[in-house]
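Trainee: Take a look at the letters that make up each chain.
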Amino acid sequence: MRRVTTRATPPSPIGESVPRRDGIAKVTGAARFTSDLSVPGMAWAKILRSPYPHARISSIDTAAALALPGVIAAVSAADLADVELYYGHALADHPLIAHGVVRYGGEPVVGIVAEDPATAEEALALVSVEYDPLPVVTTVEAALAPGAPILHEREAEQRPQRGFEEAIERDHPNVCSSSTQRWGDIDAAFAGADLVVEGDFRYPISYAYAMEPYTAIAHWSDGGLTVWSSCQHPFMVRDDLARCFHLPLSAVRVIVPYVGGGYGSKSYTKIEPLTAALALRADRPVKLALSIEESILTTRGDGAVVHIASAFDGDGRLRGRRAEILLNTGAYAENSPLVGRKAANRICGPYRIPAVDVTCRAIYTNTSPASSFRGFGAPQGIFAGESQMDEAAERLGIDPLEIRRRNVVRPGEALWSKARGMDADLDADLLLAADALAWDTPARPGRGRAICISASDAGSEPVTTSLLRVHADGSVTVTVGSTEIGQGSSTVLAQIAAAEMDLPLDRVHLLQSDTTAASYDRSTGASRTTTLVGLAIQAAARDARSQLLEWARDALAGGGTVEPAKGGVLVAGVHHDWGAIVRAWFAGAGGEVVGRGYLRRAGSMTAMPPFWEIGCVGAEVSVDEETGQIRVERLVTVGDVGCAINPQLVESQDVGAAIMGLGIALSEELVYTPEGSLLNGNLVEYRVPRASDIPPFTAILAERGDGVGVYGAKGGGEGALNPVAAAVANAVRRATGIRLHEAPFTPERVWRALRERDPGREGDG
Amino acid sequence: MRETVELSLVVNGRAHPIRVEPRETLADVLRERLGLTGLKISCDVQVCGACTVLVDGLAISACTYLAADAEGHEVTTVEGLARAGQLSPLQQSFIDAAAFQCGFCTPGMRMAATALLAENPAPTRAQVVAGIEGNICRCTGYVPIIDAILEAAGAVDAAGVSEGAR
Amino acid sequence: MIPPFALARPASVSEAIATFADAGQDAAWYAGGTELLQVMKMGLARFGTLIDLKGLPELRGIAVDASGALVIGGAVTHREIERSSIVGRELPGLVGLEAHVANVRVRNQGTIGGNLCFAEPHSDPATFLLACDAHVELWGAGGARELPIDGFFLEPFVTARTPDEILLAIVIPKAAAGEGRAYEKAKFRERPAVSVAVRLRVAGDAIVEAVVAVGSMTDIPVRVPEAGTALAGAPADPSALGAPLAAGAEAMAELDAVGDLDGSADFKRHLAGVLLRSATRAALSEAIARA
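Residue numbers (numbering that gives the first Met the number 0), protein chains in the order written: chain A, 0 to 764; chain B, 0 to 165; chain C, 0 to 290.
No lab work stands behind these hints: they were computed from the structure. Note that beta-carbon positions come from the ideal geometry of N, C-alpha and C, so glycine has one too. Among the hints, erroneous ones may be present.
Stated by the list, open to error - Cβ-Cβ distance ranges computed for the label pairs, FRET-style:
| id | chain 1 | residue 1 | chain 2 | residue 2 | range |
| --- | --- | --- | --- | --- | --- |
| 1 | C | S238 | A | P444 | 14 to 24 Å |
| 2 | C | R59 | A | R2 | 48 to 58 Å |
| 3 | A | P39 | B | T3 | 35 to 45 Å |
| 4 | B | R32 | C | E208 | 53 to 63 Å |
| 5 | C | E14 | A | P673 | 45 to 55 Å |
| 6 | C | E14 | B | R32 | 37 to 47 Å |
Chain A extracted, bound-state conformation:
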């Protein structure tokens, strides 16, 4: 690990790679995930899924299934008249179970609840469903063709969703959502250009493969609903459950145990409403544990078709960028309206562009619903935009590093009107990556190198709270709504609380991810936790400390002077720790002070986004021209995170994100036939990176204290994924002369591009 630091030295234990809080539980196997839990009296659910990608359901007969001993309930939409079937935080278009029509192969049609999973599975075969098949579209092109089958006849309720305020313009009924980003005189920008590069790029439908499949347990009791779920956003899930089941928010409790991977795929609501509906009808606690095959059918990343043109001056300065992005969003909106919004923003790159005209439309198709996936609209457009930066550099005879240096915005400069000024030093980041790749020395023959950079408007919305309780022994409990999904929030947030309260780390404990017991947080995603929840904890700590000062004055100094001191106060030269103040104020052995921290769109959080997340990646590759296999010889990431609260965890995020990006660059793609069959919906055929795929890696952390968060921190965790596909493609170009327009860069795609480069080369054999 390399750390390049120009920030002020923060208080301990900030900046220290303290061991993970969840370490012992996870290495001993003691950590409990939702899939490991059971509730007394619990029954098991299995789901009958549609074999058709698009069909009307003409009849459902569950009598034979219900007659099987051990079966408790068989539930279809017809059994849920008292439930609001349609959910969705941006567009409420998604029925929790198929309602008259199925829109993708694998959509839930009937849920069976039985005493054990084997019986539930056996009962599935006894349900008979008749379908009237409908025409199918699986690509955005087919879905937008005149006369294409229409997926949603019903107008879905658009729900107020911060981050997606725009009215949806539908020039075709299969448009799920639309977003634009426009400024400047685009026609003039292109008319006066010395160079225009234009092209089409395709980004695959990908699968996050969180190793723990979607799992939930729902338990109705005492007039309320408790759900344990492997999810990232318990409060958003709570809100959807309350709406579906007509409950007050306070009657719904969502608890998140350890989560076996998320990467965005467990953001927002997934199987929780269905599990709760089955538990309601079964009148039993119900566990629904999907298989990985079923999880693949539940959510995946948006595929994209991008048409893009960039106009340059002769010296390589960007004059304008036009882009049209079509996202293959699948059968339901899920989070794609927000993904589309972000895609439209992020395709502009971290560059000063006088004129921009970008449209992004999310398109319904008869494929599984797309939602958030790490990077969130960024990699789709950055693959296209960063490919064009290299293309322009090549055609203008400018070094690819230099063309980026000429165009990146400077610290404080806004990418677009009213946006937060750039809180990063992009030029310095580029130079760090270049240095690690030895950019100034020529690559060995047969090798190519590239550096790509991106900026994402990250952090989602600043809606976060925290309670910090100082107990009578001076130890601290912090409650936050943020979820530990593996990113290390339980460690990093404890470090922040310990630093803010001047306490050793082992005096701080966290309570997370329980909508009743912990305090509100909007979501765990968009790299926001360290920055936004960190600020809420800091505010709570300051609130607690100010109360403690007051109490010390009152109870220890007789209204006289107290002096703040490390971990407590000085009264007439005598140190009293936090616990002593609490005990004195309550005049006994017990009591506690409660500090409150709120973060909202005000003060330092007025300008959006809350922070910019930078992706800066260098790659060196070679290509086996006989097999078309790309070998990545080195990957470099620069994590521009302001202040690494726990450097080891930040580095692990960057390495993990870049390797995830490498998987999509090289092999990951869910393949649908035009008829709507998914050809590789399993881990045998969907290949994610293995240990042997990992290239030599240089992870650099740049810490300049320029983030809005505590000690100058800002988010990380997604950035390193975003430029990887572009960096690999550009490096392949430099190694071989071929330009790749479609990810993943499979051996056959590379081989075909090589054949086009050398027409007539080898008689093919």
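Add chains B and C to chain A, keeping to what the hints say.
Mentor: Relative to the frame of chain A, chains B and C by itself:
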């Protein structure tokens, strides 16, 4: 009534008399009947390694191994590696290197590493890579896992994380 | 979830065959289970009885018989082959192959006999053994018989073995003086995209005999006689094989390749030509060393 068989399943050195259907997998019996939930079910097709346990010291996928076949053999799960509250060298090195994030692959990864080191106590980096090639980690990019295994083997890799896998 | 079945554990081959006869059509042989349990779990197959062959001493062990042939019991695991010093000495190419079959867990559990009888078109051993002129020993209700492995695979997941027959052993002839055997594959995901095996014999300074097999490309692993013919008579000099290899690759390009997620038929034919080159060179180098 389906056929069942009576087994004496020896897990982590302890014999468990248990009656199972022949079709029950070792993973289901360990997790649902014996409460040993350390091993995880993910891909369920012997690809990911989350359900790795040892049978007579050999790593197998418990998701596709009949519990009945474990009769007469020694099964070791992640729960069997802790020694009286003392972290093993591998456990300690996994923590030191932060060789996990979500932790879902970790029990299986640890079992794979245990089998690897039992067979080859001083592996090279390439041998470690080969040894965990069949275990997927989706969080870490493998680099800290490889480092942790080398560290536990006593082969402290001074270059650390920057070496990558190759 | 695996559908219910009864598990039989015969102690000998004859007892196993009697058990099969009693169970009738509804029985299946069961060894490592890495393929069988998987397809049963996926609902693609259902059997009333699984007859476990792992405990049968007749199916265990790796040995060299009186003729010098390598004999590998049907229930020997991939891992046992990978770690066998006998195989390492007699057929080093098989050790290298086995070390890269699936993953270590599958290799610890899965058996060579199960692999061949399952007849997955992407099987690594099938393709190599095809070039090595191996044969399989079968024993069923009608008694024992031997079948050359060339012709054993009939179509994907179908072999010439009758359901009641057990694959007792695989027999691989001893390499003649000057003979080399090699296996190369291109692999992009769990199974090979294409694999090529070459067995050739050199005498003096020429290749006098060559057999080429290709797997994961056509619907079953096949020999490509034209490719073998192209190599026979070529100089035993890796740098002088351009024309014979090109002719061999052309023979590969005539095959009825099946495109899949790893690549189109065209791409697979191309890869087969590439692999033919590397497998031929490897086999030649072993042959020269043994000459």
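Trainee: Confirm or reject each hint.
Mentor: Here is how each hint holds up against the structure:
1. C/S238 with A/P444: 14 to 24 Å: Distance hint for C/S238, A/P444 holds at roughly 22 Å.
2. C/R59 with A/R2: 48 to 58 Å: Hint holds: Cβ distance 57 Å, inside 48 to 58 Å.
3. A/P39 with B/T3: 35 to 45 Å: Once the Cβ atoms are compared, 25 Å apart, the range 35 to 45 Å for B/T3 and A/P39 is violated.
4. B/R32 with C/E208: 53 to 63 Å: The hinted range 53 to 63 Å holds for B/R32 and C/E208, with Cβ atoms some 58 Å apart.
5. C/E14 with A/P673: 45 to 55 Å: Roughly 53 Å apart at Cβ, these two residues keep to the hinted range, so it holds.
6. C/E14 with B/R32: 37 to 47 Å: 31 Å Cβ-Cβ, so the 37 to 47 Å window is violated.
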